[in-house]
Amino acid sequence: MDALDLSDFEAEVLRAVQAEGSVDIYDLAQAVGTGPRAVQEAVGALDEHRLVLVTDRGRQVRCTPAGDDFARKMISQVRDEASRRDSEQ
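Residues in the sequence shown are numbered consecutively from 0, following numbering that gives the first Met the number 0.
Keep in mind the hints are simulated off the structure, nothing from the lab.
Hints are supplied without guarantee of correctness; some may be wrong.
[Unchecked claim] Each pair of labels, with its calculated beta carbon distance range:
1) Glu47 to Asp85: 32 to 40 Å
2) Ser21 to Gln88: 34 to 42 Å
3) Val31 to Asp55: 14 to 22 Å
4) Arg36 to Arg84: 29 to 37 Å
These numbers were taken from a predicted model, which means no experiment stands behind them.
We put the beta carbon where it would ideally sit given N, CA and C, even for glycine.
Hey, can you work out the whole structure from these sequences and the hints?
Here you go:
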């Protein structure tokens with residue numbers, strides 16, 4: 000799972016889905032500040048990695064258990080990096 004290479008945008012979408020729980024694709028697009036087509040493409044890539052589950056004819060998105068774990072790891076890494084930078088200053 001750690002070997003996954005997500006784009007920055009895919010990672011942002013995954014974190015947003017994880018934060019929302021189950022989210023409508025249009026609400027997700029608004030949350031990440033872009034159009035629904037770009038979000039649909041990112042969700043498609045995340046679905047291929049089995050990190051999200053898409054239901055309701057592609058309108059509802061939620062994390063799989065693997066996606067939830069992956070998002071938590073990403074968030075933890077960001078916090079660790081921020082703590083290291085703060086301690087170096």
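Kindly indicate which numbered hints from before are broken by the structure, ordering the numbers from low to high.
The structure breaks none of the hints.
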